[in-house]
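**Student:** These are the residues of each chain, in order.
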Amino acid sequence: MARKDYKKPLPHLDEENRWFWEACARHELVLQKCASCKTPRFYPRAVCPECASSQTEYVRASGRGTIYTFTVTHQNQAPGFRDELPYVMAYVELDEGPRILTNIINTPPDAVRIGLPVEVVFEDIDEALAIPKFQRTP
Amino acid sequence: MSLRGKTAVAGVYEHPTRYAPHLTQYQIMAESACGALEDAGLSFADVDGLCTAGVGPIGVIALANHLNLRPSYLDSTNLGGSSFVAHVTHASAAIAAGLCNVALVLYGSTAASDRFAVGTGGTGAFGDPPDAYEAPYGPTVVGNYAMAAMRHMHEYGTTAEQLAEIAVTTRRHASLNPAAKFHDPITIEDVLASRVVSSPLHLLDCCMISDGGGALVVTSAERARDAKKKPAYLLGAAEAVRHTGIGRENVLEVAAAQSGPKAMAMAGIRHSDVDLRMIYDSFTITVLLTLENLGFCARGEGGAFVSGGRLAFDGPCPTNTDGGGLSSNHPGMRGIFLVIEAVKQLRGEAGARQVKKCAVALCHGTGGVISRRHSGATLILGSSR
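Protein sequence lines correspond, in order, to chains A and B.
Residue numbering for the first sequence follows this note's numbering, beginning at 1 and increasing consecutively.
Residue numbering for the second sequence follows this note's numbering, beginning at 139 and increasing consecutively.
For the record, the hints were derived by calculation from the structure and aren't laboratory data.
Since the structure is predicted, the reported quantities are computational estimates derived from the model, not experimental observations.
Worth double-checking, as some hints may not be accurate.
What the hints assert, rightly or not - Below, a list of computed lysine-lysine pairs in the DSBU-like style, where the Cα atoms sit at most 35 Å apart:
1) A:K33 - A:K7
2) B:K400 - A:K38
3) B:K494 - B:K144
4) B:K400 - A:K33
5) B:K366 - B:K144
6) B:K367 - B:K494
Produce the entire structure from the sequences given, and follow the hints as far as they go.
**Tutor:** In structure tokens, the structure reads:
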């Protein structure tokens, strides 16, 4: 799909998050970890809120986790989403610790439950951008 | 220095409109200002403080222009729906510090006639850094609250029937409020039979979108004593936020857990001293989580706490006696109505829904989105200092 035909909101890339989305385009889910206090953090940001260090390590996540909570959305008038109802929005707790907001795809909504093991799958927008989503682990 | 007893809400006005394609937002605010000043026995000439939210980025200046006011204290802090609860605190601090004497808190909105789908129509993006990791996934407002409800059900066994109890009791209150939008009683079965908007929340678990507005007049306790009506004294107040932090936050811990105890400590009261709870009810789950986090019941016991009509105005824990956002009005940011109803109840002006003995009222506004980012503002008012 060409980017101009994609109706849902796309991330606005800036100097604080560009590396994350470039990794997604390579189908890698990369997390930040403070180089000083070793605290992992999500979403990405330049300064560690725990210890104020700007020294950051980048760790490739396994892409595996479990559903922390979710909802099956039956109503959303926003472009892109209104054509895909119902869809599943969820917080996935990654094996590395942080929880991330995402969609559960390739999985029947009726099969989604809290605690379900899931794995990352990248939705390619074009060669420069992909959105990390999750699906039931086979 | 504590703010306790220093200031009071001396005038209130709830605009009667629920659907007003013939009114503008600023007209609703102007009419509400007149109503609250009349209620307080004051006039525009007395006003030297102005607070509002939900206008344009610097709309507070335009509002001063519209009302031809020259206030010396201006506040357009926007914390979402809790803003106007926080404005009472901010205005009180300004009054106690001598920055102004009489502050108007104003709200107006034509969300319904503008057909603004607050809960289900937006992109979920506000132009802030976390948007990049959220907006692509279709996070509606109701969807985020629904995720908190889903987690609560998972952890504590809370049921859809228990959430529905909140909607049923709130509708009963609306049936006793002539100004409320919806008057017909509903049952738990009605709530469960309404369509699912975002699981596990049904349509009747969600607030409406209406037009409307209101106004508050805040002044010093001394000046309020000379006002037309019985003052509602500020006893306690605090604000807080909860957000996704660095990715490990508990979605069931809301801002009320921080602002509630702080406000109660300022007021020097216990839960059993509170006669009325005015809790922001964007969704039924908002009320349940807020009551738990304020400490009216233990975490996880909210389902039982709200069941059996216990939140009714004539029950053991009167809550949201005006009919709330679920059944009276919700123009997008309804915090001001929490304060208006609290003041009416403290004065004994609430008519058929009057709480028998009402000396202390606790208001808690929630703004923004639980399970993403939200603010909480707690305000405790009392009929005596």
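**Student:** Each hint needs a verdict: does it hold in this structure or not?
**Tutor:** For each hint, the structure was consulted:
1. Pair hint K33 (chain A) plus K7 (chain A) holds up; C-alpha atoms about 33 Å apart against a cutoff of 35 Å.
2. For the suggested pair K400 (chain B) and K38 (chain A), the alpha carbons sit about 33 Å apart, so the restraint of at most 35 Å is met.
3. With a C-alpha separation of about 26 Å, the suggested pair K494 (chain B) and K144 (chain B) falls inside the 35 Å cut-off, and the hint holds.
4. At most 35 Å may separate the alpha-carbon atoms for a hinted pair to count; K400 (chain B) and K33 (chain A) meet this at roughly 34 Å.
5. At roughly 18 Å between alpha-carbon atoms, K366 (chain B) and K144 (chain B) fall within 35 Å of each other, so this suggested pair holds.
6. At roughly 19 Å between alpha-carbon atoms, K367 (chain B) and K494 (chain B) fall within 35 Å of each other, so this suggested pair holds.
When each numbered hint is compared with the structure, no violation occurs for any of them.
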